[in-house]
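Here is what each chain is made of, one letter per residue.
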Amino acid sequence: MSDVILQMEHIDKSFDGKKILKDFNLEIGRNEFVTLLGPSGCGKSTILRIIGGFVNPDSGRVLFEGKDITHLPPEKRNVNTVFQKYSLFPHMNVAENIAFGLKLKKKSSAYIRDKIEYALKLVNLEGYESRDTTSLSGGQQQRVAIARAIVNEPQVLLLDEPLGALDLKLRHEMQRELIKIKKEVGITFLYVTHDQEEALMMSDRIIVMNKGIIQQAGNSKDIYDEPQNAFVADFIGESNIIDGIMVRDCLVSIQGVSFQCVDTGFGINKPVDVVIRPEDLEIVEKGKGYLDGQVISVIFKGAYYEIKVKVNDYEWMIQSVNPAPVGDIVGLTILPDNIQIMHKPVSDDEEVSRDE
Amino acid sequence: MKRFKDIISGIYIGFIGLILYAPILVLIVLSFNASRSRVTWGGFTFDWYIRLFSNQQILEALFTTLILAFASSAVSVLVGVPGALGIHAMNKKKYGIFMTLTNIPMLNADIVTGIALMLWFVHFIPLGFGSVLLAHITFNIPYVILSVMPRIQQMNLSVYEATRDLGAGPVYAFFKVLLPEMMPGIISGFFMAFTMSMDDFVITYFTKGAGVNTLSTMIYGEIRKGIKPEMYALSTIIFVAVSIILLCVNTLSEKHKNHIVEEKNL
Chain H
1 MSDVILQMEH IDKSFDGKKI LKDFNLEIGR NEFVTLLGPS GCGKSTILRI IGGFVNPDSG
61 RVLFEGKDIT HLPPEKRNVN TVFQKYSLFP HMNVAENIAF GLKLKKKSSA YIRDKIEYAL
121 KLVNLEGYES RDTTSLSGGQ QQRVAIARAI VNEPQVLLLD EPLGALDLKL RHEMQRELIK
181 IKKEVGITFL YVTHDQEEAL MMSDRIIVMN KGIIQQAGNS KDIYDEPQNA FVADFIGESN
241 IIDGIMVRDC LVSIQGVSFQ CVDTGFGINK PVDVVIRPED LEIVEKGKGY LDGQVISVIF
301 KGAYYEIKVK VNDYEWMIQS VNPAPVGDIV GLTILPDNIQ IMHKPVSDDE EVSRDE
Chain R
1001 MKRFKDIISG IYIGFIGLIL YAPILVLIVL SFNASRSRVT WGGFTFDWYI RLFSNQQILE
1061 ALFTTLILAF ASSAVSVLVG VPGALGIHAM NKKKYGIFMT LTNIPMLNAD IVTGIALMLW
1121 FVHFIPLGFG SVLLAHITFN IPYVILSVMP RIQQMNLSVY EATRDLGAGP VYAFFKVLLP
1181 EMMPGIISGF FMAFTMSMDD FVITYFTKGA GVNTLSTMIY GEIRKGIKPE MYALSTIIFV
1241 AVSIILLCVN TLSEKHKNHI VEEKNL
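So the protein sequences, as listed, match chains H and R.
Letter 256 of the first sequence, counting from 1, is numbered 256 in the numbering used here, and no numbers are missing.
Whatever position you read off the second sequence (first residue = 1), add 1000 for the numbering used here.
It is possible that part of the hints are untrue.
Below, a list of computed lysine-lysine pairs in the DSSO-like style, where the Cα atoms sit at most 27 Å apart [to be verified]:
id, chain 1, residue 1, chain 2, residue 2
1, R, Lys1002, H, Lys18
2, H, Lys18, H, Lys211
3, R, Lys1093, H, Lys22
4, R, Lys1094, H, Lys19
Just so you know, these hints were derived from the structure itself, not from any lab.
Required output: the full structure, derived from the provided sequences and hints.
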């Protein structure tokens, strides 16, 4: 990340005495697609609002291309926001909405006309210029909001859960379009969402947050395959998270059974958290796996079956293309490199909490 | 059976309406009665209205009342709207405290407010038009705040933020976005304050001092000398004026409500 466009340094923010952000630091590169991912109330929207200029941090600085913009009002910042609630101007048509920022900047009408045409083409709404915004569907309104922001040529586009109000199918469609738009305009996107699938699909870099603290930052694959703590493992996709004891390097004891794994450097006989993705577990005949347990439920989920197998007191979740009869005793097996070992959380802040 | 129910409910509503409006109807009829008697009909006349408008004292009181109502409502809007915005921005606890403080003057007995204001004013300013105006502003501000507050709560504040985000300064964004959104609340608050001011007797009576008269205090003074039919005419005019204002405000807010429903349906 040689070309940093935006930096946040030691940001603290409290609302009504409740600390939302604690010594928050973030660097965003030019032309990067960064997603802030976390449960509601984790501080991700506050970060966006601080960058947008709608919230003043209690302490810390925001730097834009090296210049301190911490106390600059929103209208003086070279960033634009796409709001969750679209926030179009209700008594203006589509073209007037898009032209709003340009008119304030006293651009020529020919320039504005070109820009409107370009932007509507970009968001796939050609010919909608004179439509009333209230007559548009949610997805169309959000496209207008994106067009309205992009015509101002911001260097960073802030998107605050822009697809949160759309239904699933439309959301998938808009996700693909956002990627396309991002490629086309070549500006930095800072995206906020609580939808892990959305984050995994679109981002160059994901920043997983909880309680105002960055839990893990990295690209989609790293975050999914190598979660650094139980919170990230639990938040990104479904996981079996179970207590284990690291007997020695490459050997972990789970439910009293020793498993081969690939992790090293945890010491000898150390308690750890073990993460196993449900799709990595395989059901085999009784006695042929590491563990034996009873199938207690099977739910058909479309692309796979979600099977729960009870071993002692723990219910393992398994995703499999084949069902298993409920009540049967089956074996469970797993490949060594699909076992992810994590340190036990040392502070409350790292504790798994999904109180949504 | 259904017909029977309809008849009963019709009678009931008619009865309630009669009790509520018959006295006012009598007053209106008497204002056109050529006879001074309160029981016999002496023929139709506009006499009392003509006499009313040639009475300098009454016209002066009417003028004072209107100026007072207009000025106090205008100032209340100027104070109340920023006040409502400020209270809205407070945290939950403070919001509760300040809204209660806003409600108290409205629920408080007029006589208490009137005497308290009088005691207060005599220390600082001579009683007269100025003190009445201040008193009216005092009791009008809560009405403005209460009618603007629901509008502010409904407001999509992110539209304001979007305006700022697209390059507008706070003043421009306020007049372009916030003010139009609050306008129906401001208008109904203004007229509510206007009618409250026109209506008020007790507080005005205690704070007016000598020499200043509004319609209500003047009618009160006149009645002590014996009631004159001009007063019926005057009361009729006030009733009609207030009804028209109320009707206007109601249609305005009704229209707006429909507008909102339309938007939500889309």
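A quick look at each hint next to the structure:
1. R:Lys1002 - H:Lys18: violated (60 Å)
2. H:Lys18 - H:Lys211: holds (11 Å)
3. R:Lys1093 - H:Lys22: Holds, because 25 Å separates the two Cα atoms, which is no more than 27 Å.
4. R:Lys1094 - H:Lys19: Holds, at roughly 20 Å.
Taken one by one, the earlier hints fail for this structure only at number 1.
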